[in-house]
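Enquirer: Those protein sequence lines, which keep their order, are chains C and E. Quick note: the first sequence uses our numbering, first residue 41, plus one each step. Quick note: the second sequence uses our numbering, first residue 41, plus one each step.
Check before you lean on any hint, since a few could be wrong.
Put simply, identical chains are the same to the list, so a pair is met inside one copy or across any two.
For lysine to aspartate or glutamate, the following EDC-like pairs were computed, each having C-alpha atoms within a straight-line distance of at most 16 Å [unchecked claim]: (1) K229 x E202; (2) K294 x E214; (3) K347 x D364; (4) K347 x E392; (5) K249 x D308; (6) K223 x D309; (7) K270 x D364; (8) K347 x D332; (9) K380 x D337; (10) K380 x E54; (11) K347 x D330; (12) K42 x E210; (13) K347 x D365; (14) K379 x D337; (15) K372 x D357; (16) K169 x E202.
Derived by calculation from the structure, the hints in this document are not laboratory data.
This is what each chain is made of:
There are 2 protein chains.
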Amino acid sequence: MKITAVIMAGGRGERFWPKSRNSCPKQFLSLTSDGETMIRKTVNRLRPMVEAEDIFIVTNAAYKDLVKDQLPEVPEENILAEPCARNTAPCIAFAAAVIGRKYDDAIMLVLPSDHLIGYEDIYISTLKKAVAVAEEGKNLVTIGITPTYPETGYGYINFGKEAGSAYEVERFVEKPDLATAKKYLASGKYLWNSGMFVWKISSIMTDLKEFMPDIYEGALRIGESFGTDKFTETLVKEFTAFTSESIDFGIMEKASNIFTIPGSFGWDDVGSWLAVERINETDDDKNYVDGDVITVDSQRTTICGGKRLVAAIGTRDIIIVDTDDVLLVCSKNNTQDVKKVIAQLKERGRNELV
Amino acid sequence: MKITAVIMAGGRGERFWPKSRNSCPKQFLSLTSDGETMIRKTVNRLRPMVEAEDIFIVTNAAYKDLVKDQLPEVPEENILAEPCARNTAPCIAFAAAVIGRKYDDAIMLVLPSDHLIGYEDIYISTLKKAVAVAEEGKNLVTIGITPTYPETGYGYINFGKEAGSAYEVERFVEKPDLATAKKYLASGKYLWNSGMFVWKISSIMTDLKEFMPDIYEGALRIGESFGTDKFTETLVKEFTAFTSESIDFGIMEKASNIFTIPGSFGWDDVGSWLAVERINETDDDKNYVDGDVITVDSQRTTICGGKRLVAAIGTRDIIIVDTDDVLLVCSKNNTQDVKKVIAQLKERGRNELV
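Given the sequences, and given the hints that come with them, work out the whole structure.
Expert: See below:
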């Protein structure tokens, strides 16, 4: 069966401010020393199993030009521009309806645009296993990540009986507290929910029809208008009317026939500035340095330089990000507080810096 | 007797890099929130006892325009431009010879250009006492600072017998180690050597003649040429031939009739970036912040902003200095290492940043 990929690229990525901005969020940035953007890497690693013409990018209308620039091989009509943000369920329904118009039925890989994969061969072979499972009946398959520590920032997938190369999913659970996360790990029955899904168009449409009928109907109308001069009008009308809902809550937690394939392919969600030292090489003092930088007696310091010289002296466990109009100096204990600065800037009406 | 002041303003002030540069050293910068430069403050606080036309600035030729701009009330002929750096003894001899041509004899206050004084009334009254002592015989008077802690970065003055409002100086001692500094404080017989001197022109010339005859003779020739068209030629010829020597070593450690007046007027030599939080108001978390700055959960952080927004999150005991072409992030434990960065830049030929 034809394999298509839907890459979700509508996120704002506030946690990488000030390098990420509303005008250019994380998926369109490079956070690795090779200079490749996150979305560029996402497409590259897929190419062994998906043709460029079968890759669809769902993004906000504001980012359409960024996608065109960064992914010139993706046909322009495959860039599905959401008129507003409505979380993952409407996003996936929109893409499924459009792909359903192009192909009678097809496999649909649903993938985030801003994660990193260390072992791409294992990644591809995991996806292929998922495709095989998805091709049977109306299975919905989610790729679970084998946890390496009790992370409290992710949702978990509780799996049960083995079924071929997959496991039946018992339930999805929200972000746990630390004690619960430790229990999950000890049980050996929980995987991280990575937000990667594999199914047939026909399977997800069936479940959308059952569990989210309004979105199903709206998505069908969008799909019908695709390629006609009514498309934009229909899209705006239908999409803005959708309820904002995640695919996890809207479908995965309710449907039957949910399977998970455990993946161990060096997945990293690159969730905050802390990730930069993890995904790049560091020096003997565990500093990561990019740009015109001099360090003296610095340790465990991450420096993303800009156009100027950055001199770091005696720094420890700190992140320095230099851009043309904003400088960030952030303790590694406080990377989540970047959002507080953004909130303050919005309050003060300084939207040009957000 | 006429009171004149010689302000020594030839220093490079590397410890305030990157705000201070070879092209604009510390004395020409403001490090306080009132925006007044160090040399501007130095002149202002002297005005209760010295006329503008009797204030002389000895500086490097490269800084003559900075002095003219910042001290427009000082007559241009009072800006004594050294063709090269030769430490304080030649600097003082040059000034003494020039002032000696203008006035038959006069009191000469010798003062650094880059220190701060908290209690200016006490400062003036201390200087007046020193003038009174200097007017007797051929006394050389140095202002000692009553130590508040065992600083190892300053020289000390060991004083003996009381003599009116002054004390006889037993000896000058170099920067001590911590144990020695503690002993000095415990003895109650040591003051910090602040580099402020008071004497008559005739007194210092007599001692220069005795202890530094080459510099004395050269300075006389410079003084004789002052105001003639031979001045520049004479100055360059004589001054470049001078041995580099401090007035402390060249005269004060050798001459007799040395007195000290203890001063307690909130003296601060503003010796490193650490001084900024000391000489300015800080917030409840002991942060000092200047410019367009947002802090979240930061403590004991000094931020001298530039043209961009600076966001500091969770920082502790750190100094952030933002300029157009250099950003410095420096632990408070490492402020002396700023010099190492400058040394590296010089090695790499990046003199535009020094």
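Enquirer: Since the copies are identical, ignore which copy is meant and state whether K372 and D357 lie within 16 Å (CA to CA) inside a copy, between copies, both or neither.
Expert: both (6 Å within a copy, 15 Å between copies)
Enquirer: Since the copies are identical, ignore which copy is meant and state whether K379 and D337 lie within 16 Å (CA to CA) inside a copy, between copies, both or neither.
Expert: between (30 Å within a copy, 13 Å between copies)
Enquirer: Classify it for me, K42 with E210: is the Cα-Cα distance of at most 16 Å met within a copy, between copies, both or neither?
Expert: Classified as neither; 29 Å inside a copy, 96 Å across copies.
Enquirer: Given a CA cutoff of 16 Å, do K270 and D364 count as a within-copy pair, a between-copy pair, both, or neither?
Expert: Classified as neither; 42 Å inside a copy, 51 Å across copies.
Enquirer: Pop the pair K294 and E214 into one bin, within, between, both or neither, using alpha-carbon distances up to 16 Å.
Expert: within (14 Å within a copy, 81 Å between copies)
Enquirer: Pop the pair K347 and D332 into one bin, within, between, both or neither, using alpha-carbon distances up to 16 Å.
Expert: Only inside one copy: K347 and D332 sit 8 Å apart there, 19 Å across copies, limit 16 Å.
Enquirer: Between the shortest in-copy and the shortest cross-copy C-alpha distance, which are at most 16 Å for K229 and E202: within, between, both, or neither?
Expert: Within one copy, since 11 Å is at most 16 Å while 86 Å is not.
Enquirer: Regarding K347 and D364, is the shortest C-alpha distance of 16 Å or less found within a copy, between copies, in both, or in neither?
Expert: Both. Shortest intra-copy (7 Å) and inter-copy (10 Å) distances satisfy the 16 Å Cα cut-off.
Enquirer: As a check of your reading, is K380 near D337 (CA-CA no more than 16 Å) within one copy, between copies, both or neither?
Expert: Between copies only: 10 Å across chains, 30 Å inside a chain, cut-off 16 Å.
Enquirer: One pair to classify: K169 and E202, alpha carbons no more than 16 Å apart. Within, between, both, or neither?
Expert: Within. Shortest intra-copy distance 14 Å satisfies the 16 Å Cα cut-off; inter-copy 95 Å does not.
Enquirer: If the cutoff is 16 Å on CA atoms, where do K249 and D308 land: within, between, both or neither? Let me know, please.
Expert: neither (33 Å within a copy, 76 Å between copies)
Enquirer: State whether the alpha carbon distance between K347 and D365 is at most 16 Å within one copy, between copies, both, or neither.
Expert: both (11 Å within a copy, 8 Å between copies)
Hint violations for this structure: numbers 5, 6, 7 and 12, all remaining hints satisfied.
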